[in-house]
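Engineer: Here the sequence shown stands for residues 1 to 209, numbered as in our numbering.
Just so you know, the hints here were simulated from the structure itself, not pulled from any lab data.
Treat the hints loosely; a few may be bogus.
[Said to hold, decoys possible] Straight line, CA to CA, 20 Å or less: simulated EDC-like cross-link-like pairs of lysine to aspartate or glutamate:
# : residue 1 : residue 2
1 : Lys187    : Glu134
2 : Lys135    : Asp183
3 : Lys187    : Asp166
4 : Lys135    : Glu190
5 : Lys135    : Glu151
6 : Lys187    : Glu126
7 : Lys187    : Asp176
[As the list claims (entries may be wrong)] If you anchor each label on the Cβ, the simulated ranges turn out as follows:
#  : residue 1 : residue 2 : range
8  : Glu115    : Leu192    : 42 to 48 Å
9  : Glu190    : Arg13     : 22 to 28 Å
10 : Arg92     : Val21     : 21 to 27 Å
11 : Arg23     : Ser107    : 22 to 28 Å
12 : Ser125    : Leu197    : 41 to 47 Å
From a predicted model like this one, the values you see are computed outputs, not experimental measurements.
Glycine is no exception: its CB is placed at the ideal position from the N, C-alpha and C atoms.
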Amino acid sequence: MFTGIVEEVGEVREVVADADVVRLVISGPVVVADTRHGDSIAVNGVCLTAVDVTGTSFAVEMMPETLRRSSLAEVSTGSRVNLERAMSNGQRFGGHIMQGHVDGTESVISHTSGERTAEIRFTLSEGLARYVVEKGSIAVDGVSLTVASVEADSFTVALIPTTLADTNLAARGPGDRVNIEVDVLAKYVERLVSGYLPAAHAQEGGGRS
1 MFTGIVEEVG EVREVVADAD VVRLVISGPV VVADTRHGDS IAVNGVCLTA
51 VDVTGTSFAV EMMPETLRRS SLAEVSTGSR VNLERAMSNG QRFGGHIMQG
101 HVDGTESVIS HTSGERTAEI RFTLSEGLAR YVVEKGSIAV DGVSLTVASV
151 EADSFTVALI PTTLADTNLA ARGPGDRVNI EVDVLAKYVE RLVSGYLPAA
201 HAQEGGGRS
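Input sequences plus hints: build the corresponding full structure.
Structural biologist: This is the structure we're talking about:
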């Protein structure tokens, strides 16, 4: 589990493809400090396993499913990525519950900078739209954010100075693709109540002989 409070912005040092696996070596001295082989680290919101830890860097291996479902297939040497270690017992819960399981990707429509803040508007696909509500929680590239406004096919977040300084979102511009994880609580509620909805009963009844 993660909270969406990014601990540092790391840098991709190597990208190596080996058959159907892509290996990333990422510099991240803060998260590496107490990371061991097999520990989970969220990289741009994707929960990955540290397979090698050396000095101030760690390596992860991505399978085809990860590459299909996230924007990590697009990273290259020099890319800056948001990093967060898995939650530990007793720590403060500053963001919201996140699994590191990306639900999809969306693209930046606009990035409007203020004097010290910014607003970023993203596309919103039909499959994710029902989980996104105004003032609700959403994770963008692993950053826990509050939805400032939502339209049928887009949503906007407002970034405070700390978020701009401590994550890679300040550099996101129109066309950039980002990882999205919607609030897992919304997905569980939908699943639990689906059996009680009239449409669900109608479909079940229609399938009986």
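Engineer: Compare the structure with each hint and give your call.
Structural biologist: How the hints compare with the structure:
| no. | hint | verdict |
| --- | --- | --- |
| 1 | Lys187 to Glu134 | 16 Å, holds |
| 2 | Lys135 to Asp183 | 12 Å, holds |
| 3 | Lys187 to Asp166 | 29 Å, violated |
| 4 | Lys135 to Glu190 | 19 Å, holds |
| 5 | Lys135 to Glu151 | 13 Å, holds |
| 6 | Lys187 to Glu126 | 15 Å, holds |
| 7 | Lys187 to Asp176 | 26 Å, violated |
| 8 | Glu115 to Leu192: 42 to 48 Å | 44 Å, holds |
| 9 | Glu190 to Arg13: 22 to 28 Å | 40 Å, violated |
| 10 | Arg92 to Val21: 21 to 27 Å | 36 Å, violated |
| 11 | Arg23 to Ser107: 22 to 28 Å | 26 Å, holds |
| 12 | Ser125 to Leu197: 41 to 47 Å | 22 Å, violated |
The structure shown violates the earlier hints numbered 3, 7, 9, 10 and 12.
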